[in-house]
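Visitor: Sequence:
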Amino acid sequence: MPSEPTTKILTTPADGTKIGPTYEYDDEQKAKMKELREYAGSIMLPESDSYYLWELRWLDKPDTIPRYMRAAKWNLADGKKRIKGTLEWRRQFKPELIPPDEIKIEDESGKILIDGFDKDGRPIIYMRPGRQNTETSPRQLRHLVWCLERAKDLMPPGQESLVIIVDYKSTTLRTNPSISVASKVLTILQQHYVETLGRAIVVRLPMLLNFFYKGISPFLDPVTRDKMRFNPDLLELVPASQLEAEFGGEHNFLFNHEDYWKQIIDTCGIAPDGTRVKENLGPSTTTNVDVETLSPEKSATEPEFPSRRESEDSMASKHDHAATTDLSLQPQPQTAHA
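Each residue of the sequence shown is one higher than the one before, starting from 1 at the first, in full-length UniProt numbering.
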C-alpha cells in the first residue's frame, strides 16, 4: 500500500539493510593497491595547484584504489593506465566542484533524480528521458556527473556502487538522447566511475526505441552489459518502502523541484560555488543498517576542506611566502610523469 504523497526523498537505506557487496583482499592484492596509490601520488598535481586538495581527497577515499584495481582485474599496468586517465579527466572536468546553479535548469524537470536505496544499500538514480527539458549541450553531461557525485555522497559507509533505473515512460524520438550523447555518458561511467554502477535497470521501453539499445551496444563493455536488466520485478531488488509508488513500491514521491533541490543541496552539504559547506556533512547511516566497511578502513571523520576561495587564497599566500624565502630550502612540487 503506497504511503501518503510526499515531496521528501529517502536519503538513508531501509532499516536492516546489509551493505553489499563487500570485498576482502589478500596480501598480493593489498601490495598492488599500495603500489597503485604510490604511482598515483607520483603523478599528482603540485601542492601549489588549487585543485590539489580535491585530487588528494579523491585518491584517499577508501574505495578509489580498490575500484581501479578490481576494474583492471588486478593487472597493475592496466590499473595505472586507468587511474592516470581519470586523474587527467577530473582535472579538466572537476566533477566535485560543479556549482549547483550551473546545472540547476537541467534539474528542474526531474529527468534525473536520486531517491531511495536498493536491498544492498545502493543509492538509486532515476532517469526519465521523457522529461527532457533542454537542448543537447555539454551542460547535460555536467548535470549527469553532478548527480553521480551526489549519489556517491549519499552512499552509506562500505557502499561503493549505485543503481540506475531508466524509465522510458512518455519518451519520444525527440526526447530520447542521441547515440552520440549516450556513448559519451557510457565513456564517463565506464572509464571514470569504474566499479560504480551496481545495476542498470531499463523499464517501459517502447518498441520504437529498441533500435537505441542496438545502437549503443558497441559502446557497452561486457561488465556493464552484464549489469543491465530489462523490466525486472523491481520489488525483488528494492525494498517496497524505498521504491517509488509508480513502480509498485510504497514510497509515494511527488516531484517538486524546489523541495527536491533544497534536500539534495542541504543533505550533501554543497556550497554555492560547488565546494562543501562542511566536509564531513552528509547523510548519516541509521544504526539498524548493517555496515561492513571495506579495506582500507575508512576513518570516522574526514578532514574539512576549504571553500574554493579559501583554497585559492591559501595557495596565493604560500606563493607570496615562497617569493621571499630561499627557494633552495623549499621542497619542490612533484611533476607528473607516465
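To be clear, the hints were calculated from the coordinates, so they are not data collected in a lab. We put the beta carbon where it would ideally sit given N, CA and C, even for glycine. Treat the hints with care, since some could be wrong.
For lysine-lysine, the following DSBU-like pairs were computed, each having C-alpha atoms within a straight-line distance of at most 35 Å [stated by the list, open to error]: (1) Lys61 <-> Lys104; (2) Lys262 <-> Lys169; (3) Lys8 <-> Lys81; (4) Lys8 <-> Lys32; (5) Lys184 <-> Lys94; (6) Lys81 <-> Lys94; (7) Lys32 <-> Lys262; (8) Lys84 <-> Lys104; (9) Lys30 <-> Lys8; (10) Lys18 <-> Lys119; (11) Lys81 <-> Lys104; (12) Lys94 <-> Lys32.
So the derived label-pair ranges between C-beta atoms look like this [unchecked claim]: (13) Thr172 <-> Ser137: 18 to 24 Å; (14) Thr187 <-> Asp49: 32 to 38 Å; (15) Trp58 <-> Ser109: 26 to 32 Å; (16) Thr22 <-> Phe247: 34 to 40 Å; (17) Asp60 <-> Glu250: 46 to 52 Å; (18) Pro272 <-> Arg91: 19 to 25 Å; (19) Lys34 <-> Thr6: 42 to 48 Å; (20) Pro232 <-> Thr187: 23 to 29 Å; (21) Asn210 <-> Thr187: 18 to 24 Å; (22) Gln29 <-> Lys84: 27 to 33 Å; (23) Asn210 <-> Asn133: 21 to 27 Å; (24) Ile43 <-> Lys278: 26 to 32 Å.
Visitor: Give a verdict on every hint.
Guide: For each hint, the structure was consulted:
1. Lys61 <-> Lys104: Given pair lysine 61, lysine 104 holds - Cα atoms ~27 Å apart, limit 35 Å.
2. Lys262 <-> Lys169: holds, 26 Å
3. Lys8 <-> Lys81: violated, 42 Å
4. Lys8 <-> Lys32: Between lysine 8 and lysine 32 the Cα gap is close to 43 Å, so the pair fails against 35 Å, i.e. violated.
5. Lys184 <-> Lys94: Judged against 35 Å, a Cα distance of about 17 Å means the pair holds.
6. Lys81 <-> Lys94: holds, 19 Å
7. Lys32 <-> Lys262: Given that 35 Å is the threshold and the Cα spacing comes to 42 Å, the pair is violated.
8. Lys84 <-> Lys104: Measuring from Cα to Cα gives roughly 30 Å; hence the hint holds.
9. Lys30 <-> Lys8: Measuring from Cα to Cα gives roughly 41 Å; hence the hint is violated.
10. Lys18 <-> Lys119: Judged against 35 Å, a Cα distance of about 8 Å means the pair holds.
11. Lys81 <-> Lys104: Between lysine 81 and lysine 104 the Cα gap is close to 34 Å, so the pair holds against 35 Å.
12. Lys94 <-> Lys32: Distance ~27 Å between lysine 94 and lysine 32 Cα, so the pair holds.
13. Thr172 <-> Ser137: 18 to 24 Å: holds, 19 Å
14. Thr187 <-> Asp49: 32 to 38 Å: Violated, at about 25 Å.
15. Trp58 <-> Ser109: 26 to 32 Å: Cβ of tryptophan 58 to Cβ of serine 109: about 30 Å, so the range 26 to 32 Å holds.
16. Thr22 <-> Phe247: 34 to 40 Å: At 27 Å between Cβs, range violated.
17. Asp60 <-> Glu250: 46 to 52 Å: Because 39 Å falls outside the window, the suggested range is violated.
18. Pro272 <-> Arg91: 19 to 25 Å: holds, 22 Å
19. Lys34 <-> Thr6: 42 to 48 Å: Roughly 47 Å apart at Cβ, these two residues keep to the hinted range, so it holds.
20. Pro232 <-> Thr187: 23 to 29 Å: For proline 232 and threonine 187 the Cβ distance comes to about 26 Å; the hint holds.
21. Asn210 <-> Thr187: 18 to 24 Å: Check passed, 23 Å falls within 18 to 24 Å.
22. Gln29 <-> Lys84: 27 to 33 Å: At roughly 20 Å between Cβ atoms, lysine 84 and glutamine 29 fall outside 27 to 33 Å, so the hint is violated.
23. Asn210 <-> Asn133: 21 to 27 Å: Check passed, 25 Å falls within 21 to 27 Å.
24. Ile43 <-> Lys278: 26 to 32 Å: With Cβ atoms ~30 Å apart, the hint holds.
Hints 3, 4, 7, 9, 14, 16, 17 and 22 from the list above are not met by this structure, while the remaining hints are.
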